[in-house]
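Number of protein chains: 2
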Amino acid sequence: MNDNTQYIGMQSISFSNPAYIKEYYSVVGKKEGEGPLGKYFGQIETDDMFGCNSWEEAESALQTETVKGLLHKSNLEPHSVRYTFAGDLLGQLMATSFGLKSFNIPLFGLYGACSTMGEAISLGAMTVSAGYADTVLSLASSHFASAEKTFRFPLDYGSQLKSCATRTVTGCGAVIIGKDSGIAKITGVTPGRIVDYGCKEKDNMGACMAPAAANTIYHNLSDFGRTPEHYDKIITGDLGYVGQTVLFDLLRIKGYDISKVHMDCGIEIFDSSTQNTNSGGSGCGCSASTFCGYILEQLKARKWRRILFVPTGALLSPVSANEGNSIPGIAHGVVIESV
Amino acid sequence: MNDNTQYIGMQSISFSNPAYIKEYYSVVGKKEGEGPLGKYFGQIETDDMFGCNSWEEAESALQTETVKGLLHKSNLEPHSVRYTFAGDLLGQLMATSFGLKSFNIPLFGLYGACSTMGEAISLGAMTVSAGYADTVLSLASSHFASAEKTFRFPLDYGSQLKSCATRTVTGCGAVIIGKDSGIAKITGVTPGRIVDYGCKEKDNMGACMAPAAANTIYHNLSDFGRTPEHYDKIITGDLGYVGQTVLFDLLRIKGYDISKVHMDCGIEIFDSSTQNTNSGGSGCGCSASTFCGYILEQLKARKWRRILFVPTGALLSPVSANEGNSIPGIAHGVVIESV
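So the sequence lines, in the order shown, correspond to chains A and B. Quick note, in this note's numbering, the first sequence goes up one by one and the last residue is 455. Quick note, in this note's numbering, the second sequence goes up one by one and the last residue is 455.
I should point out that these hints are in silico values taken from the structure, not numbers from a laboratory. Any given hint could be a false lead.
Because identical chains cannot be distinguished in the list, a pair is counted as satisfied if it fits within a single copy or across any two copies.
[As the list claims (entries may be wrong)] Each computed DSBU-like pair below joins lysine-lysine, with the alpha-carbon atoms no more than 30 Å apart:
(1) Lys-316 with Lys-265
(2) Lys-265 with Lys-217
(3) Lys-316 with Lys-217
(4) Lys-419 with Lys-217
(5) Lys-217 with Lys-278
(6) Lys-370 with Lys-217
(7) Lys-184 with Lys-316
(8) Lys-217 with Lys-349
(9) Lys-265 with Lys-318
(10) Lys-189 with Lys-217
(11) Lys-146 with Lys-419
(12) Lys-189 with Lys-419
(13) Lys-189 with Lys-278
(14) Lys-316 with Lys-189
Keep in mind the model is a prediction, meaning the values are calculated, not measured.
Please put together the full structure from these sequences, using the hints given.
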């Protein structure tokens, strides 16, 4: 083991040489822009088709716009970024393959369902902290319409949603991670396990993912010997109102009460009382765009000093669900501190 | 940058502290077992359904059997493995989610199409070499029937294949990567870019992937200042006979003739003259199972001293292809040496 890193407890890593978030950018759709976090996003696109001919191409364009905006804001050329860690929800990472190919940056394609931004930041920070790269880019996206088409029904059907259902966010968030200094530092990670409590309700993904979120948060706290109050915020991805109650209950059984410091991006991104979004927002883009806007601005302004960011994923495939299988969850935790 | 690693050229990494392949295991289907490499696989399963009720569950069972075999051969319990890096070809990594959940090992889910074993070994080696873990597991799988159902037509249709088409391998390969010593050492990696020459022929994935393979091999050779003969073998994943000719032509234009040292897992795994496999084998499991059998045995026996292993992926989605898009490719290179 080299001097700069150490592995901790069951599954966590502590970086003695932290990786730094140098810059961030997000692009979201119209409805997200009208929500409570609207002013924090980098760009709000009012055409949900992004000028394209299909929802999948629209999500690719969303990724392309986000990376362009991030590189511009960072004053970087694509060839200055050594590796990209990225993914989306679509089969075979369709949005990522077509959204990122024009940048010609070596790519590690990732699939962690809606936890992908946690996985991408973790691997990006591990790569920079180890000295494998000066500059990497981590990204995740989702699009309401491409996700509905993939996982539920085409929008044209006008299907009704259960009150426990979440609305997939049209959004993409991306960060530049690098060495030595930045607007926030990544000091540790807790990669997640697949956790399956047998939930089969694909309209209730919050309940499907909550056990995985609880598992990762529990291991982060126990691996590092911390209490929930060590963090100004413990931020899950897209559990929504229903999943949040399950998370609190599961962690109370383990002896942790996180209710005072918990925040869920899916609850924050929409105003469910006026925006008709039921249990909240979801999708890779929910936590990614909330992170690359509201969350990083709080850290930059030092309103928060230390957070545990835990994007949460439901390992749902339309085929596996139709074949009667359960929906396992996974959640990847990242410790981020202000500088 | 710490002392143990250095980044090289445009996109390669050299490990001063190599990571070691400690053990390997593979499970394949009946047809693969009857092929020229049959005696090198760990296990040949004659029931293509693996005792399950669907092709997707069969592929999950294939992964489960492979990890069980690998842990048994390694004399390891699941909790001794710190992280898994794994993926498959199905939408939302269905085979991986259900195939690996019972082991309860933290998971980084990966999608690199048929290049996934290269991505998984690269990230596993980067993680171990950096000191983030003592022991990790890297894995990739594919299943003929689940892939045909996803990307082409259900088997029951009895569709005919073009002569340039490849046959998806039913197979899974997995390695344990660790520190200090082993049966072969991983000394460098060259993560790949997305390369798109506009090929739209989903029955000719060899041609779609060859430009990406050429790009990664070219950058590996130029980053490290090596000639093709530096390697005893340069081994691509599943270009097949058609893709191989494209690869040779593209690299000759760049000044490299790799024809004397090239091997393609897709060409080796079947005897196309007697097994009716057209251009050869393909799928994540093609390069993964050939690696975790024939290739590692050559390195273990020191018949080869140094290889460049370059699994090749076609970033093909059934949706993107049906929407008229091209099929970009990606290839991840790993330098492996005998000990």
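To see whether the hints hold, each was checked on the structure:
1. Lys-316 with Lys-265: both (19 Å within a copy, 23 Å between copies)
2. Lys-265 with Lys-217: Cα proximity of Lys-265 and Lys-217: in one copy and across copies (24 Å, 27 Å).
3. Lys-316 with Lys-217: Close across copies (16 Å), not inside one copy (36 Å); limit 30 Å.
4. Lys-419 with Lys-217: neither (37 Å within a copy, 38 Å between copies)
5. Lys-217 with Lys-278: Between copies only: 28 Å across chains, 37 Å inside a chain, cut-off 30 Å.
6. Lys-370 with Lys-217: between (45 Å within a copy, 22 Å between copies)
7. Lys-184 with Lys-316: between (39 Å within a copy, 27 Å between copies)
8. Lys-217 with Lys-349: Between copies only: 29 Å across, 35 Å inside.
9. Lys-265 with Lys-318: both (14 Å within a copy, 23 Å between copies)
10. Lys-189 with Lys-217: within (20 Å within a copy, 40 Å between copies)
11. Lys-146 with Lys-419: For Lys-146 and Lys-419, only the intra-copy Cα distance (28 Å) is at most 30 Å; the inter-copy one is 61 Å.
12. Lys-189 with Lys-419: within (23 Å within a copy, 52 Å between copies)
13. Lys-189 with Lys-278: Result: close neither inside a copy nor across copies, 40 Å intra and 48 Å inter.
14. Lys-316 with Lys-189: neither (42 Å within a copy, 35 Å between copies)
Consistency with the previously given hints fails for numbers 4, 13, 14, ordered from lowest to highest.
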